[in-house]
Amino acid sequence: MNKKMLSLLAVLLLIASIVGAGGQGDSGSSGGAGVVVEEWEIPFLNSLTGAIASIGEYLQWGAERAAFEINEAGGIAGKPVKVIGVDTALEPQKGVVEMSKIVEWALVALGPVPEPVIMAAAPIAVENEMMTMTATTSLEYAEKFFPWSISWFPATADRLPPLARDWAKDYGVKKVVQFVGIYGPWPGMAAAHVVGIKEAGAQHLGDVEVPQDAVTFGPLVVKALGMNPDGIIIACWPDKAAKIVQELKSRGWTDMEKILLFSSADDAALYTTGGADLNGTIIYNYINVDQDTPRWNAFKEAYQKDHNGLQPPSLSTNYYDAVYMIKRAIEETGVTGDPKKLKEERKLIAEAMFNMKNFEGLLFKWDMSDGVPTNKPGYLFQIQDGRKKLVKEIRN
Amino acid sequence: MSLVLYYFLTITAIYILMSWGLYLPYRVAHLHFLTVANMLISGYLAGYMVQTLEVPFSVALLAGFAAGGIIGYIVSRFIGDAPTFTVVIVGFTFIYISRTAVENIKAVGATMGMFGLPMVAGSPVMHRWTLLILLYALVVVVGFLIYRFEHSRLGRAASVVFVDKDLATSMGVDIKRLGRLVQTFSSLVAGGCGVIYGFIYRSFHLDFFTFHLVGIFMTVIFVGGYATMWGTVLAAPALYGLSLILPPAVASWRIVIYGAILIAVLVLKPEGLITRRLAHKLETTLSRRRKR
Amino acid sequence: MQTFIAQVINGLSLGSIYVLLATGFNLLLLVAMIIHFAYPQVVVFSMYIAWVVLRYTGNSILLAVLAAIVSSVLLNLISAPLFQKIMKNREEVDINTTMVLSLGIGMIITDILSHGFNKGLPIAFPAKLVGETPILRVGVISLMGGQVASLAVGIVAVSGIFLLLYKTRPGRAFRAIAEDPNGARLVGIPLLRTGLESYALSGVLGGLIAVLLAMLLGYSSPGLGEQVAHKVLAVSIIAGLGNLAGGLVVGLALGILEALVQGYISGSWSNAIAFVVMLLVMLFKPRGLFGIKL
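Residue numbers (this note's numbering), protein chains in the order written: chain A, 1 to 396; chain B, 1 to 292; chain C, 1 to 294.
These are computed hints drawn from the structure, not numbers from a lab.
Zero decoy hints are in this set.
Think about it this way: if two alpha-carbon atoms lie no more than 25 Å apart in a straight line, the pair counts; the simulated SDA-like pairs of lysine to any residue are:
#, chain 1, residue 1, chain 2, residue 2
1, C, Lys119, A, Gln384
2, A, Lys101, B, Trp129
3, C, Lys85, B, Val256
4, A, Lys144, B, Lys106
5, C, Lys119, A, Val215
6, B, Lys269, B, His212
7, A, Lys357, A, Trp296
8, A, Lys144, B, Arg128
9, C, Lys119, B, Leu244
10, C, Lys285, B, Thr84
11, A, Lys198, A, Met256
12, A, Lys101, B, Met1
13, C, Lys85, B, Ile216
14, A, Lys144, B, Met119
15, A, Lys340, B, Met1
16, A, Lys169, A, Ile394
17, A, Lys79, A, Val37
18, A, Lys144, B, Val55
19, C, Lys119, A, Gln311
20, A, Lys101, B, Pro124
21, A, Lys101, B, Gly122
22, A, Lys341, A, Tyr324
23, A, Lys343, B, Gly122
24, A, Lys300, A, Arg387
25, C, Lys119, B, Arg254
26, B, Lys165, C, Leu280
27, C, Lys119, A, Asp385
28, C, Lys119, A, Gly309
29, A, Lys198, B, Lys106
30, A, Lys341, B, Pro124
31, A, Lys175, C, Gln2
32, A, Lys101, B, Arg128
33, A, Lys347, A, Asn128
34, C, Lys128, A, Thr254
35, A, Lys101, B, Val250
36, A, Lys82, A, Asn71
37, C, Lys128, A, Val215
38, B, Lys269, B, Tyr147
39, A, Lys365, A, Ile394
Bound-form chain A, shown alone (with noise of 0.2 Å):
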C-alpha cells in the first residue's frame, strides 16, 4: 500500500470517527443507545373534570403541545413521546388510585393538579421514589415532597416581596388594604406582599377576608373603603377578583393603577368576568407574553387558534417546560425506559433535574437548586382591554 492510500485511508478513518462521535453527542436526532421504549409514555395527574377543568384544560394542552414540538424535532432520544391525562377531577380518592397506577410504571410524572390531590397522592410516589413535578403549586407545598418533587417557584416569602414593594413605590401606595381569599397558599401569599408593602415604605391597613362563597362583594368592598386605603391587592379567586375590582369601580376608585392583582388571579376567569372594567388594573406574574421570539410566537399563535383568541394564562407554559426538562433529563442520563432498571433510572431523571443548570424554558432559562428554581423573573403588567402590557421586569 503505496503513502498515497495510507493517508487517504487516515483520512477517511478520521472522517469516520468525528461523524461518529458527533451521531453520539447529537442527542435528539438519532435513536439513544439502548432505549428500549417504542414510544416515551409521561402520565399527567391533572384535573381534566370538575371545579378547575377550565385551568386543567390549558395545563394539558400545554404539555401536549410541548409533546408535539418534541416529536416534530424527532422525539427524545429518537423515540416519539405521549403525555397522557389521568383525570382526578380534584378528588383525593381518586388521586391516589391513579397514582398507585402510575407507579407501577412510569419514570415520571407531571401534576398532581391542584393542592388537595398532591397531599393525597404525592406521598405515594415519594414512596415509591417516582420524581412528581408539581409545577402549579407553590414551593410550600412542593418541598413537602422533596426530592422525588421540585418547585417551578422559588419560595414565597422570597418572591413576592419584591413585586409587592416596587408596584407601592413606582405607583405612590401608602396605605394599603388587602383582600384574601382563604384557601391554600394564599394567606402566606398575602404575607409576603405585606412585607414588600412595607418594604416600600407604606402602611399595611388590614387585611378583608374573601369567602371561598361569597356571591356579592358590597360588603366587602366597604369595608375596605373603610380603612381609606389609596391601594389595593387582591389575592383571591379569579373571578371574585374581577367582581372586586368592578365593585370598587362602583363606588368611586378611579386609581386602577393602584390596584395590584396577583398571579392566581391570572386566570381566563378574570378577564372573562372583569372585561374592561379591569383596564389600567396591575397585575404581576412570571411570563411575559409579549415577548418576541419565534418559539414563544410559535406558541402563543396555537394557543390562540386552539382556544378562540384568548392569550395564554401563565400556566399554561408551566407543564410545557416541564414535558421539556424530563426530555433533556432523559437525554443526560441516557435512560432507556427499560422496566428492569425502573427504580435506578427514576432516581437518575430526578437526580438530574433537582439541580438542572440553565434550562432554556419556553420564555427563560433558569437554574434548578436543589427543587428550588433561582433566577426566575417576576413581571408587573397593567391590563388594558382583555390583555397584558409589560411594566416592568423584576428579579431577587
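Model the placement of chains B and C on the given structure of chain A, informed by the hints.
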C-alpha cells in the same frame, strides 16, 4: 397487595361506614349531615395529636371516636326528635363552623393543611395493612351492630317513626331517645372514619371534607337502598369503582352519569336496588339453607 | 354612619337574591308540594340561556328574558313527572326523597354548565343589562339599577304570588291539586291542565329571577347555584315552609346579617355565624319564625 387494590378497598370501606352513618339516622327520617363535620373535627384532632403531641395513633383514634360521639350526643340532646329540616340545618351549620375554624387555626395547618402524618406502623406495608384491617374490622363491627339494631325492637320502632311519628309516639316509642341513640352512634362512627381517612392519605386538607361528600354518601344510600343496610355495601364499591374504570371521554361526564343513575333509581325503584323485601327474601333463603 | 348605611344597602341587595330564590322555591312547594333543593341551579341554567341569547342577538334583552323564561318552564315541565312519580304515594311533603331527587337534578345541571358553556368559565352579562353607573352614589354608598330592580321585583313577586295563590280561583286550584289531587278532581278541577299551569307559573318566575340575578350580579358561574342553595333552603325553613311573606323578611334579614358580619367581623366567619343564628332560631321555633303555610 397492589396499591390500587389497597386504595380501592380502603376508600370503599370509608364510603360504606360513612353511608351507614347517614343510613342509621335516616331510619328515623333524619338526614344527619353532622357526620361530615364529625369526620373533619375528629380527623384534624387526631392528626394534631399524632403529629404535634406525638400521641400514639391508637390513642388518637380513640380520641377521634370519642370526639365524634360526644359532639353527636350533645347535639342530639337538642335535635333528637327535631323535624327533619332542623337536623339538615344543624348539619350544614356544623360543616360551615368546623371548616371555618380549621381555616383559622394555624396549629392544624389552617388553609395549607397537615402534611406528612407519621405511619401508624413501622413500614409502609404494615401501615397499609393496619389501616385496611382496622377499617374492615370496623365495617364488620358496625355492620353487626346495625344488623342487630334492625332486628330488634329499636329497629322496628325506627321503622314506625320513619312512617309516622305520631303513631310511633302513641305506640310508646320514645322518639327523642331513639333519635339520640342513632345520631350519637353515627357521629361516633364518622369521627373514627375521619381519623382513618386522613391517615390513608397521611395528610389532611379542608377539601377532603366538603359538601361534595354529602352528595356522594346520599347517592350511595339512595341508589343502594335506604331501607336496608345491605344496599350500601353494594352501592359503595360500585359507584366508587365506576368512577375509576370509566374511559376518559365518558369519565368527563361522570357527574351527569351519577345524577342520572340517582334519578333513575329514585323514579323507577324508589327504595333503591336492595329493597327491604329483597333483603328479607335473601335472609330467609340463607337461613333455610343453614337449617338444612 | 355612612359605612353602616352602605352595608345595610349591601345586605338588602344580597338579601334580595335570597328572597327571589326562596319565593320561587316556596311557590313550587305551594303548587306542587316539592322541596326543590336545586331550584337555584335551575335559575342559574336560565341565566346561561339568557347569556347565550344575548350573545347571538346583539344583546336583545327582550329575547333574553323570553329565552330565560322558556328554559325555566321547560326544565320545570321536564322534572315535574319525576317529582310527581316519587311523590305519588306520600300524603305529605316528602322532604327527603324530593331533596335527593333535586340533588340529582342539581348535579346534572351544574356539570352540564361546566362542560357545555364557555369552557366552564364564569360568564359576564353586558353592561347595558347590568347598568354602567350607579343611580346613587354618596361616599361609599352606591346603588345600582339592578339592585333596586331585584329588590322591588322581589317584593312585588311575593305580593303578587300571595294574591294569586290565596285570593284568586286559579291560585286556589293550584293549591288544591297540590294538597289533595283526589279532592281537587272531585270538585271538578282539571288536574293535568292545572298542574301544567302551576309548573309553568313557577317556570315563568324562575326565568324572571334569572334575568334579575343577571342584572344584580352581572355574572354567573356553574357553581353559583350550589353556593346559594344551602342558604335558600335555610331561609325557607327558618321563615316557615311555604310562607311567602316570611321568606321575604327572613331573606332580607339574612342578607343584612351576612353583610354586617362581613363588614364588621370577618368574611370567612360570615357563613358560620349566619348558620349559627339560623340554627338558634330553628331550635326555639322548629316550625319557622312565621309558621308553615302548607
